[in-house]
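Note that our numbering has the sequence shown beginning at 588, numbered continuously upward.
It cannot be assumed that every hint is accurate.
What the hints assert, rightly or not - So the derived label-pair ranges between C-beta atoms look like this:
| id | residue 1 | residue 2 | range |
| --- | --- | --- | --- |
| 1 | R855 | G1097 | 47 to 55 Å |
| 2 | E823 | R601 | 27 to 35 Å |
| 3 | A746 | C660 | 28 to 36 Å |
| 4 | T930 | T843 | 51 to 59 Å |
| 5 | R855 | R601 | 26 to 34 Å |
| 6 | T930 | E823 | 28 to 36 Å |
| 7 | G649 | I925 | 26 to 34 Å |
FYI, nobody ran anything at the bench for these hints, they're computed from the structure. Fair warning: this is a prediction, and the values are worked out from it, not measured in the lab. Just so it is clear, CB atoms sit at the ideal spot from N, CA and C, and this is done for glycine as well.
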Amino acid sequence: MIKHNVNGNIEGVRDAMLARLDSLYSYELEEGEFLPRELMKILAECSCALNREIAVYITRDGEIVNVAIGTDCDVELTDFRLRRNTSRLSRVRCVHTHPDGDGRLSDVDLSALKIFRYDAMTAVGVKDNEPVIVQTSFLGENAEVILTPTERWYKLPDAEWLAQIEESDRLVGREETEKMEDGREKAVLMGIESEESLEELARLAETAGAQVVGSFLQKRDKPDSALFIGSGRADELARDCQALEADVCIFDEELTGMQVRNLEEVLRIKVVDRTALILDIFAQRASSAEGKLQVELAQLQYRSARLIGQGLVLSRLAGGIGTRGPGESKLEMNRRRIRERMTELRRRLDELEKQRSLRRKSRERNEIPVVALVGYTNAGKSTLLNALTGSDVYVQDQLFATLDAVSRRMVTPENTEYLLTDTVGFIRKLPHTLVSAFRSTLEEAVLADVLVIVSDGSSPEMFRQHDTVEEVLAELGATEQKRIEVINKCDEGDPDPVFPGAVLISAKTGEGLEDLKQKIAETLQASHRPVTFRIPFSRYGILSEIRPLGRVIMENHTDTGTEITLMIAEEDAERLMRKYGTEICLPQE
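Based on the provided sequences and hints, a complete structural model is requested.
Here is the structure:
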């Protein structure tokens, strides 16, 4: 079989045509020629015969260094640099045909000019085996595109265009330039569920530090096993990403390792799924030692399921012919190291959990009830904690601003002390790796006496977000606690309708906070109440029985004995009342 040097889509192309295109590598441009008319005629004949785009890459010395065939509507443009400094011009110009006769440059062409730093990008419209019109673009100061008017193919201003290359080389890339003024990555979003889900993904991307430059939705009942989206849509997405100069494409679902690899081959940019994006945000936000360990464990769990090798070829664990060798494959070494690290992380997290359990038992022994703020991410839980307690917990209009559980002591007007705890926010499609890794933190909600469910009254998705919170609480087993429904951000608009019995507040302005405090006090009072015991010296043994049952609010020693007031559970209060009567037990009014 004859070996040809033509690249790209050569399937179905005859050897004679490939040989003719191969001969272009020996074609030399004369000094002062930007694009020879003879070369344009050859490209026109070949492009029309194939009904495919053809691209050639020409150096400043007039040498053709690459020839590629595309499809009827595009050709893959190549990063072909003859300079190490990627901010300077590449010293190569790209010329390609448009077999529909339209010689105008597309947005994708102009984007490739900027990304690959071509000396020039030229399109030649061809029809009926003849070139028709030509358009060229160059880079100017600050990498701005200079677009020439369309020209008849036989009237090209060669000298003027070659001079523009020299001028562009002087203007472009004298100093290293950032991708963007603020250094952020440009992200394109892709989803198959709904526009609402894509809007949330956009907020996640912005929280992670990206700038969203495009968002696309393809309604599908079932994801494609190879590319998640269809192959045709993947090709369109590749052109969209190139036209928008995107650095990363973020998918609104969890992808398999194979899907990520296949998509990156098609899109030619980094591909990230929703889970990896949330893990990245968690990695940025984690501040405590436990939070950092939990994030690393979640990341390793995610990555371990996506290590891709050559299937059974790389496996030596099964034994048998063809599997014996000097040692582990690189893939297995990576897996073993990940397993070892995950074991170490779990051991350290177990130690921290033991410490947490000791603190929890101390609270339970002292009968300090816990009130947990739970809700959708960015519902305003941390702002509410600060407003109620006067704390300065980190607050930002971002998703997952709080990762580590934060607790503050509070006292009701009835002198009942309790812990108010802020927890990590919930979100739709919360990755299972995060739920398992953050289980010890999320247990603050499971073990709380009262759940204050905070909803964002300014969000049109409030009810759907509330359903997500209920689903996550059910998954955690937090279904038995007393609940207080709170609708926050009421200063941004009156939510209608609202949940029955919900407290309307604005943590930002303070509106409704006194009502919420009273609601919390009433809810705690329903399960615990203060009881005063007047114990004479002759019955001092009662003290050892009642002290472990509750929290001491007040204790006075008199000439006849001790008067002590405890906050105890309703059932304990009733039992002691039956046992000792009103002579010793003095219930509070």
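Quick rundown of the hints versus the structure:
1. For the pair R855 and G1097, the beta carbons lie near 52 Å from each other, so the given range of 47 to 55 Å is met.
2. Checking the proposed 27 to 35 Å range against E823 and R601 shows it holds: the Cβ atoms sit about 29 Å from each other.
3. Restraint check, A746 to C660: a C-beta distance of roughly 33 Å satisfies the suggested window 28 to 36 Å.
4. Between T930 and T843 the C-beta distance comes to about 25 Å, which lies outside the given range of 51 to 59 Å.
5. Judged by the Cβ atoms, the range 26 to 34 Å given for R855 and R601 holds: they are separated by roughly 29 Å.
6. Range check, T930 to E823: Cβ separation about 44 Å, and the 28 to 36 Å hint is violated.
7. With their beta carbons about 53 Å apart, G649 and I925 fall outside the hinted range of 26 to 34 Å.
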